[in-house]
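> In order, the protein sequence lines correspond to chains Y and V.
Counted from 1, the first sequence has number 227 at position 227 by our numbering; the numbering is strictly sequential.
Counted from 1, the second sequence has number 459 at position 178 by our numbering; the numbering is strictly sequential.
Some hints could be false.
Just so you have them, the derived chain V footprint on chain Y, three or more residues with Cβ under 8 Å [to be verified]:
(1) 131-144
(2) 241-252
Pair by pair, the computed Cβ-Cβ distance ranges are [said to hold, decoys possible]:
(3) R354(V) - L17(Y): 54 to 62 Å
(4) I532(V) - V156(Y): 45 to 53 Å
(5) T171(Y) - L301(V): 34 to 42 Å
Chain Y side only, calculated, beta carbon under 10 Å to chain V, not exhaustive [unchecked claim]:
(6) V91
(7) R186
(8) L189
(9) P190
(10) L193
Calculated directly from the structure, the hints in this document are not laboratory data.
Just so you know, these numbers come straight off a predicted model, no measurement behind them.
We treat Cβ as the ideally placed atom computed from N, Cα and C, and that holds for glycine.
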Amino acid sequence: MNALLSGRVLVGAALILFVSLCAMFAPLLASHDPGEQDLLNILLPPAWSSGGDAAFPLGTDSLGRDQFARLLYGARLALLVAVTAACGAAVLGTVLAHIAGYFGGFLDWLIGRAVEVWMSFPPVILSLILMVGLGTGADRVVLAIVLVDWTRFCRVLRAEVLVTTQRDYVTAARLSGFTHLQTLIREILPATLPLLITLLSLEMGIAVIVEAILSFVGLGVAADQVAWGQMIADARSNFALAPWTLLLPMAAIFFTVTGFNLLGDGLRRTLDVRQTIARSA
Amino acid sequence: MIAILFLLARRLLTALPILLTVSILMFVALRLLPVDPAAMSMPPNATNEDIAAKRREMGLDKPLTTQYAIWLRGALHGDFGRSIQLRRDAGHLVTAALPATIQLALCAMVIASVLGLGGGLLLFHLRGGASEALGDLGTTVLLSVPEFLWALLFILLFGVLLPVLPFIGQLGPQFSVVRVTGFLLIDTLLAGQGSAFASALAHLTLPAAALGIAFSPAIMRVLRSGLLDVYHEDYIRQARLRGIGEGRILIVHALPNAILPTLTLMGVQFGFLFGGTLLVEVLYSYPGLGNLMVDAVRNADLPLIQTVGLTYCIVVLLIGMTVDALVLVLNPRLRAR
């Protein structure tokens, strides 16, 4: 338990908690509606700099929309997509990895070839193509990320399952009358769980980036929803005049992704028994 | 040499079914789209009969398998269909845009390799010290900055705040260069236009640096852990006992072994990096495959999406093959088999 509270895990969890609270209490924290336009107050700088207005703590964008409110509501979408997409990709990838690694043979070959096909595509390109087919919307973004990123889980976990399947206690479980499903769930899954949790955290960071990319290109969510990538796209035309409109969503993406990466990295170090042994040896 | 040819031949044989599968998947995914390419390619005042005729002409009334067979036969003959939006041959559009993207990706790979290998050596040098944790944390933070954030940051820093480098397009508007190879850096040199070469290089600097930096921390990490593993081997201790200097041990004895897993990872990274050019190109209005792809996607230009997508795929497979061959050349243990 002590090891779980390493610096990385704590800082990462704190960052994610902060972003989650911002997202959760967005309606309470924001004094404006994120879509509300105020054309008399466009491109206002943040409140603390000269020319700023206390009504708009972080300034306004080119349509006079409150940046603070947009950041908070953007966090809602980013986290929603990150958590659901990462979990979806984890479920799909984990199930396939366990089938491939445990049963081997033709199923393993088939899943291995599927991973190979997927890996021959740069993830950004594949998700763009999928978004063309799926259409826009937060649920489609989630689906695209699941369909692209399941291989990240499948590749890594399959190797782990393969090793675990060779263990004596798995044979013992089978001999004592466990069905394949029981063996997989009660003997093999617990062994791959630490790795799975680590990958899940890292995948959430990746999902935040992918969501930002897709909404930046204009293929992400519907136009009336707020997304960080969309804020970046909007800010691009005025960034020489108002660099803060660009910097704010960039910082939001950076801190969220750093949070997930620190968490994942910290968990990897503390949960991976072999690495802990290797380091103490 | 024979082993390398054998490996390349085997990789080619596995690459073909992959490409075929990718093209089928892409074809199906794109036909799920609720837009009608025929209607999109007609003027707005076209009648329903006109559109139906166009659908027949484009083969859209046939079953999906027949449509795919028609596309595949064309593709094998080098005909990838016409772009609906640009009304030009999709294959030509791709070959015109590809050199710019390859040039960007290659420069970014050089930057990523230099930063990654240098950073890896530095991290290894810091091992055991108090700064090790700092270096470790640094790579985690670096890993959290994707290429498009670097690209935006560089535009703000070196384009706006300190306007030292251009960040739009790939050449200053005052230059015109005869295209021979399509690679601007080479073409300007061939034409003997020194100032145009400098302009092309300046335009390439920021996007290539943004991509390179984004993909370097993973290389740093693998090189460091590769070196850490190698230093546990007996032969390193043996070298020390023989009185060989630490610098020589690192360069001559440890690095050749530690570099192998790094190279394999770099191959995977370069595949991702090639995909990463897409957003960087969009941000820098750099006329390559990425901009072509995004425009095609925004206009639901199916033949063009399909062709550009397949091109990305082919390049990634080629990068993988090159790296595999390189690892084989550098690793004597694999050659024996």
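> Now, for every hint given, state plainly whether the structure supports it.
Against the structure, the hints:
1. 131-144: Since three or more residues must qualify, the claim that chain V covers the segment 131-144 of chain Y holds, with 5 doing so at under 8 Å.
2. 241-252: Contact hint for the segment 241-252 of chain Y vs chain V: holds, 4 residues under 8 Å.
3. R354(V) - L17(Y): 54 to 62 Å: Holds: the Cβ-Cβ distance is about 57 Å, inside 54 to 62 Å.
4. I532(V) - V156(Y): 45 to 53 Å: Roughly 32 Å apart at Cβ, these two residues miss the hinted range, so it is violated.
5. T171(Y) - L301(V): 34 to 42 Å: Holds, at about 40 Å.
6. V91: violated (21 Å)
7. R186: violated (33 Å)
8. L189: Constraint on L189(Y) not satisfied, violated at 27 Å.
9. P190: violated (27 Å)
10. L193: Violated - the Cβ of L193(Y) stays beyond 10 Å from chain V, reaching only about 22 Å at its closest.
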